[in-house]
Structure formats: C-alpha cells, structure tokens
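Following the numbering used here, the numbering of the sequence shown begins with 223 at its first residue and continues without gaps.
Think of the hints as simulated: they come from the structure by calculation, not from any bench.
Careful: at least some of the hints might be erroneous.
[To be verified] No more than 30 Å apart at the CA atoms, straight line, and that leaves these computed lysine-lysine pairs for DSBU-like:
id	residue 1	residue 2
1	LYS443	LYS483
2	LYS466	LYS417
3	LYS517	LYS637
4	LYS316	LYS357
5	LYS616	LYS637
[As the list claims (entries may be wrong)] What follows is a set of in silico ranges between Cβ atoms, one per label pair, in the way DEER data are often shown:
id	residue 1	residue 2	range
6	LYS278	ALA305	17 to 27 Å
7	HIS332	VAL353	13 to 23 Å
8	LEU386	ASP426	39 to 49 Å
9	LYS637	LEU386	17 to 27 Å
10	ALA629	SER597	34 to 44 Å
11	GLN495	PRO633	37 to 47 Å
12	LEU372	ASN419	25 to 35 Å
13	LEU430	PRO633	35 to 45 Å
Glycine residues also receive a C-beta, built at the ideal position from the N, C-alpha and C atoms.
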Amino acid sequence: MPPLPLLAPPRPPTPPRQTRNLSDVERRALYERLLQLSVNGSLPPQALRHIALEYKCHRSTASRVWQRGQASTTSGHLLADVASKIKGNSGRNKLRTAHEIEAAVKSVPHHDRQTLRSLAANSHLPKSTIVRHMKEEARLKARSSYVKPLLTEVNMVARVEHCLRFLRVMPGGGRVFENMHDYVHVDEKWFFLTKVNRRFYVYDDEELALRSVKSKRFITKVMFLAAVARPRYDHHTKKEFDRKIGIWPFVEHTLAKRTSKNRARGTPVITPQTVDSGVYQAAILDKVTPAIKAKFPRTSQRSEIYIQQDNASPHRCVTTALMLSMGIQGISIANQPPNSPDFNVLDLGFFNYIQSLQYQKCTRTIEELIGAVESAFHELPSATLSKTFITLQKVMELSMGVQGSNAYKLPHMNKDATIESLSGYNVECDPTSYESALIHLNNRLAEEASMDAQLNSHT
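Could you put the whole structure together from the sequences, leaning on the hints where they help?
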C-alpha cells in the first residue's frame with residue numbers, strides 16, 4: 223500500500239484588508255513623508271510598503287497619493303494636490319437633478335412657499351431634498367416681504383420731484399446727490415416696554431421667567447419724537463458734529479388719582495401723553511428748534527435749515543409761516559412726499575437701530591423705558607447715521623429709476639469696506655435713473671396739458 227502524501231501545514235488566516243480612507247491632512251502628511259524618503263524624485267524599494275504600514279492604509283493608496291502629488295507639481299502647481307476625490311463622487315446617484323428641483327419649486331405659487339412644509343407639499347418634493355438643495359444652491363433662500371404704502375400717480379410724481387431737488391451737477395457732467403447738511407429729519411415712533419415674542423438661549427435645566435400681562439394692548443408704550451441730521455466735522459468747535467439733535471418722550475407728569483398696591487394716592491407718576499397737533503407743534507417750537515440752534519454747526523446756520531417731516535395730519539399745522547410768526551429765523555419746514563416713509567432716515571432704519579439697543583436693556587417701568595430709549599439714542603455711533611443717509615440717497619436713486627415707485631430692490635452697498643469717509647460720501651446718480659425720472663415727468667406734463675386742452679375745447 224503506497225504511503226499517503228504528506229499534507230501541507232494549514233496557512234495562517236489572512237489579516238483583514240484595511241480599507242480606511244485617509245483624511246486630507248493625513249494624505250498631505252503621507253506625501254511629505256514620501257518626499258523625505260525620495261531621492262531625485264524616486265522612491266527607494268519598499269518605501270511605499272513601510273509608509274502604508276505606518277499610516278495603516280493599503281500600499282496602492284500610498285502609491286496613488288505619491289503619483290497624484292508628483293503629477294500636479296509636474297503640471298505647474300506650486301503646491302502638490304493630494305486631496306481626496308471621494309467627496310462628491312461617492313454615494314448613490316441623486317434621484318433629481320438641480321434643474322428638476324428648481325423647476326418643481328418655481329411651479330409653486332409664492333403664497334404656497336411661505337414655509338418649507340408648504341413648499342414640500344405643493345412641489346411634491348421631500349422636505350429633506352429641498353433643504354439639501356438650498357445648501358448646494360445659494361440662489362434659493364428665504365426672503366422677507368413687507369407691506370409698503372400704496373402710491374398713487376400723484377404720489378409718484380411728487381417723489382420724483384422730491385428726489386430731483388437733491389441732485390447737483392458734477393464738473394464732469396454727471397449728477398450727484400447733495401450732502402443734505404441743511405436738513406433735520408424729525409419723526410415719531412412708539413417704543414414698547416417689552417415685546418410679545420422674545421427669544422432666549424437656555425439649557426434644558428434652566429427655566430424661563432414668566433412674563434404676563436392682562437392683554438397685549440396693555441403693554442406700556444411711549445411715543446418719542448426724534449430729530450437727527452447728517453454727521454460732519456464742525457470747523458468752529460474743531461470736533462465732529464455727532465448729528466444727535468435730540469429725542470423727547472411725549473409724557474405727562476401727574477399725580478396718582480387713587481391708591482393702589484403700587485403707590486399711594488397723590489404720588490407723582492409719569493403717564494403717556496396723547497399726541498395731537500397742539501402737542502406736536504409745542505414739541506417742534508419748544509424742544510426741536512432750540513436744540514437745533516444750540517447744537518447745529520455755526521457754518522450750517524448761516525444758510526437756511528430745513529426740518530423735514532412727513533404729511534401726517536397733526537404735522538400740517540407746523541409750517542414755515544408759523545415759524546416766521548413765532549420769530550424763528552433761518553429754519554423752514556419741508557414736507558416729504560405723501561406715503562414716503564422711505565425718504566426719512568428715521569423710518570428708513572435709524573429707529574430700528576435704536577429699538578434693537580433698547581430691547582437689550584431690562585425695563586420694568588415707564589421711567590426705565592424712557593431712560594433706555596434715551597440711552598440707546600446717545601449710545602448709537604455716528605457712523606450708523608452716516609450710513610443711513612447714504613442709504614437714503616441710494617433709495618432716491620432707485621426710486622427715480624422706477625418712476626417714483628417704491629417697488630425697488632435695495633442692493634447691499636458694503637459701505638464699511640468700499641467707502642473711506644462716510645460723512646463726506648455722496649451717491650452719484652445713475653444716468654439711466656435720471657433719464658427715466660425726466661421722461662416720466664415729461665409724459666405726466668404732456669398728459670395734463672392734453673387734458674387741459676380737452677376741457678378748454680368743451681368749454
């Protein structure tokens with residue numbers, strides 16, 4: 223019987239293949255390690271094997287990193303490109319392309335796009351798909367829509383005429399907005415003791431304090447009258463004019479009519495004042511006008527100073543004739559166009575800056591509210607108002623480009639980076655906007671002349 227063949231000893235089990243993907247930092251370190259071992263661009267034998275063991279990756283991975291880095295430097299790159307190509311080239315294929323998602327979103331009316339849930343339901347796309355698409359496509363974003371005043375044809379003509387008054391001819395032939403140093407913008411605004419909805423960042427083990435009122439209508443509020451001008455350098459005082467003419471609350475100092483748990487009868491209290499034409503007129507004559515004369519630069523007081531106000535009913539009693547009858551010289555009243563809060567720097571953004579600072583202060587009483595608003599008014603930097611005046615000039619330019627309408631899109635001007643001197647900068651009017659405004663006015667005048675001719679022919 224022939225002898226049985228000897229069986230070979232069993233082979234040890236093969237260690238599992240390491241399939242770890244290296245990060246870009248590790249790939250860079252691996253390449254630099256290979257550069258240290260290379261001689262005249264060539265690697266010594268077993269170099270790739272030892273480096274692969276050191277970084278716990280496959281030998282072919284180390285080889286690809288080396289070849290890719292060498293190829294990038296040969297093609298002219300100053301720095302070797304060894305970044306991973308896995309990102310963006312891995313995972314399953316997308317079920318929908320970016321164009322298909324965009325078409326589905328655009329097919330949904332705007333009133334059905336107010337929330338992601340509504341947009342997903344009406345576009346028949348998963349909400350997660352829309353969220354990922356918004357991260358990849360910066361053009362799709364949430365935008366706010368604000369209700370603006372309804373303008374009539376007469377309002378738009380008045381807006382165009384108002385803007386044209388501020389244009390000056392440049393030596394080169396173009397047109398630029400004047401510096402507006404002779405204008406003081408005044409307006410009123412309600413400031414509330416607190417907001418109905420407030421957001422706080424807290425941990426799970428923290429408890430928010432209860433805020434309660436009998437009714438939202440009973441939240442304490444005070445109306446303030448503010449007056450500001452454009453900041454500039456005052457050559458007389460040799461310092462910067464900070465534009466802060468003043469801010470005044472409409473309140474009354476009275477005595478408590480009855481005893482309560484908060485105070486006894488007869489205690490002096492501050493209550494909000496009802497503002498009518500008489501109260502507004504007294505504020506302009508007794509507070510705003512003296513503050514202008516006291517704080518305005520002397521060089522500006524040599525020319526006429528204009529107090530710009532809106533066309534609210536209580537304001538119509540304050541006119542230039544009234545100022546002259548009260549013996550006030552050098553200060554005139556200029557009414558801004560009707561339904562045009564965007565032509566006043568206070569409504570355009572300065573009040574919002576003050577309110578944001580006021581809400582950062584804890585207020586519980588009407589006295590604390592008044593102090594917080596006045597403090598916020600004086601704490602606000604002058605550069606903020608300078609930028610708001612520049613925004614006002616840009617708004618006027620855009621309004622002229624749309625024939626006096628308020629349907630314009632205000633671009634981001636990046637003022638801090640592009641404008642060196644905020645107090646001395648004035649917006650140069652686009653020739654297209656200026657021509658559009660002139661054409662609109664000429665057409666309006668032609669229509670009025672035609673209507674007058676028809677009326678005269680009938681008579």
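Status of the hints after comparison with the structure:
Between the alpha carbons of LYS443 and LYS483 the distance comes to roughly 21 Å, so the proposed pair stays at or under 30 Å and holds. Between the alpha carbons of LYS466 and LYS417 the distance comes to roughly 26 Å, so the proposed pair stays at or under 30 Å and holds. The straight-line distance between the Cα atoms of LYS517 and LYS637 is roughly 27 Å, inside the 30 Å bound, and the hint therefore holds. Taking the CA atoms of LYS316 and LYS357, the gap is about 15 Å. The hint holds against a cut of 30 Å.
Pair hint LYS616 plus LYS637 holds up; C-alpha atoms about 12 Å apart against a cutoff of 30 Å. As the Cβ distance of LYS278 to ALA305 is approximately 20 Å, the hint placing it in 17 to 27 Å holds. For the hinted restraint 13 to 23 Å between HIS332 and VAL353, the CB-CB distance of approximately 19 Å keeps it satisfied. At roughly 60 Å, the beta carbons of LEU386 and ASP426 sit outside the given window of 39 to 49 Å.
At roughly 24 Å, the beta-carbon separation of LYS637 and LEU386 lies within the given 17 to 27 Å, and the hint holds. For ALA629 paired with SER597, a C-beta distance near 37 Å keeps the hint of 34 to 44 Å intact. Between GLN495 and PRO633 the CB atoms are about 41 Å apart, so this pair conforms to the stated range of 37 to 47 Å. Our hint of 25 to 35 Å for LEU372 and ASN419 holds, since their Cβ atoms are close to 28 Å apart.
Taken as a hint, the range 35 to 45 Å holds for the pair LEU430 and PRO633, whose Cβ atoms sit roughly 39 Å apart.
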